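First to last, the sequence lines map onto chains A and B. Quick note on my numbering: the first sequence kicks off at 1 and runs consecutively. Quick note on my numbering: the second sequence kicks off at 1001 and runs consecutively.
It should be emphasised that the hints constitute simulated quantities derived from the structure, not laboratory data. Since the model is a prediction, treat every value here as computed from it, not as a measurement. Check before you lean on any hint, since a few could be wrong.
EDC-like mimics (lysine to aspartate or glutamate), calculated; alpha carbons at most 16 Å apart, straight line [what the hints assert, rightly or not]: (1) B/Lys-1002 to A/Glu-234; (2) A/Lys-233 to B/Asp-1210; (3) B/Lys-1180 to B/Asp-1009; (4) A/Lys-2 to B/Asp-1313; (5) B/Lys-1046 to B/Asp-1170; (6) A/Lys-233 to B/Asp-1009; (7) A/Lys-180 to A/Asp-313; (8) B/Lys-1233 to A/Glu-234; (9) A/Lys-2 to B/Asp-1210.
2 protein chains.
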Amino acid sequence: MKKIINNPDDVINESLAGVAAAHADLVRVEYDPAIIVRVDAPVQGKVGIVSGGGSGHEPMHGGFVGMGMLDAACPGDVFTSPTPDQMEAATKAVDGGAGVLHIVKNYTGDVMNFEMAAELAQAEGTNVEAVVIDDDVAVQDSLYTAGRRGVGATVLAEKICGAAAERGDDLKTVADLCRKVNANSRSMGMALTSCTVPAAGEPTFQIGEDEMEIGIGIHGEPGRERMKVKSAKEIVGMMSEAIVSDLPFNSGDSVIAMVNGMGGTPLIELYLVYNELNEFLKEKGITIARNLVGNYITSLEMAGCSITLLKADDELLELWDAPVLTPALRWGE
Amino acid sequence: MKKIINNPDDVINESLAGVAAAHADLVRVEYDPAIIVRVDAPVQGKVGIVSGGGSGHEPMHGGFVGMGMLDAACPGDVFTSPTPDQMEAATKAVDGGAGVLHIVKNYTGDVMNFEMAAELAQAEGTNVEAVVIDDDVAVQDSLYTAGRRGVGATVLAEKICGAAAERGDDLKTVADLCRKVNANSRSMGMALTSCTVPAAGEPTFQIGEDEMEIGIGIHGEPGRERMKVKSAKEIVGMMSEAIVSDLPFNSGDSVIAMVNGMGGTPLIELYLVYNELNEFLKEKGITIARNLVGNYITSLEMAGCSITLLKADDELLELWDAPVLTPALRWGE
């Protein structure tokens, strides 16, 4: 896979420099260690929210730093956990005296490093809570994960917890909300093609010209099943059935739905998928109250998509609707 | 190229149904003929703004329908001009008594059909002005175009003219602004891979595993040169030099810059490109006053990017900053 890059070793830093130049009104970037920080951090008296993980999933997480969402993000190398010192630096940079929430996707390296960073920060007097996101119903345990993987619910948790922190909720309340979002969210993904990590230069996995993989992970980790490419209706049916039956979501439920592109699938297909999802849920008596359709948690240039559903109540919807002002998500300013 | 679709003949309508379901608060969709209309159109006393063109370039144009941008978009089949009756229906749907501006990308079919639609609408009493966008410096004449092709400047023109119409400017003023944006904009694109039209099922063109094409069109029309893949710095240098020398942009100029993805290039590369562009322009004494980095005018799943620069003055920046509320672009609500 060809890429528009210079030296593969410089991809992260050069991309971060682009983020810094493009969004100087919203974020500042530090390079040693690499963190993306809300421009006005630390906000005194507000709970700080930090997330992070391997790069290659943009706009997550750096694109979600700003008012009403994350206070800082730690970008690791591509598909590689950030280091504890990145996480510690981010935690200290956003500590406005009300403590810091770590939103951690469930990958072994991320969990371990965030734990270490929390200990370091706590030793220096910052109150830290961590919530691990594990919404992917595809598989139990995986290539880089014990238990379920953390995927799309991370985006929803970052938005909702960001709004709660913004209105002044305390650390325990924001962390409880994060657990509530995770407990009520389920996701599943699929891919038509592999992605290629810049430093590797070769596709992460091989897949036939007429094949797709259901339940794939955001780093190309094996999913549930490799099969011939099906119609959008069948693809959405398989993913949605797995998601809906898992929580379960029931008739009468209201949900926040995200149809997410893996990076290489055009918007015209994502809206077509959203249409199928909407029809599928209507049949089940489930109503989509809010939605996101687009590329939010990607796998470089992988072609494919994922679906995330969050069972919503009035509190979650109010926090969802609250203003947000980040590079990748902005409304109600 | 595998796609997440059902019957290739249904891609547009099923995708439109997804847009309608996802954005019912912003737009309504009509199917016969197919148009995407601002939910509160026609806005009495406001100049209506209509654009359109072949589908496959999403979010353009349907994603730009809403307050402060387009009043309606006409989606043709993939890479195929919409019909005059679509354009006429859109024109009538947004005529609030102050006339309607057609923003037309310079492709022969689009220009011809918009002309026909304007005649039809005018015969029925709607005042119509049309402005043709032709900002692509890559080639003179092309596969589907006499003269230069219309590309990224269309997005900027739609935003700026939308803001002018929103503040109450009359038809001539809005049309003159559109001409000013076009006259002061230049663009160029490049691709690493082809795209595949769903109904064709085969790549539009062949390109080697180590090749790229500079100056390519948004339908895969031939560009300036096929060559071995270069570094991001060299790629941005070639495109930017062609753009800057053409207008020309001069030291001391302030610009609105768009780094646009063709659909299959991840955001991490687009920000890396933005960084190179920013460095290139700094060297020339040109300042980026505002920017867009992301997928705005795409070519299905083509990997590649384009750069658009618009020489900005205070009036253009004020209109750029004005509130916009559409599926794909929203700020300052």
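Quiz item: Among all the numbered hints in the text so far, which are the ones the structure does not match?
Solution: Numbers 2, 3, 4, 8, in rising order.
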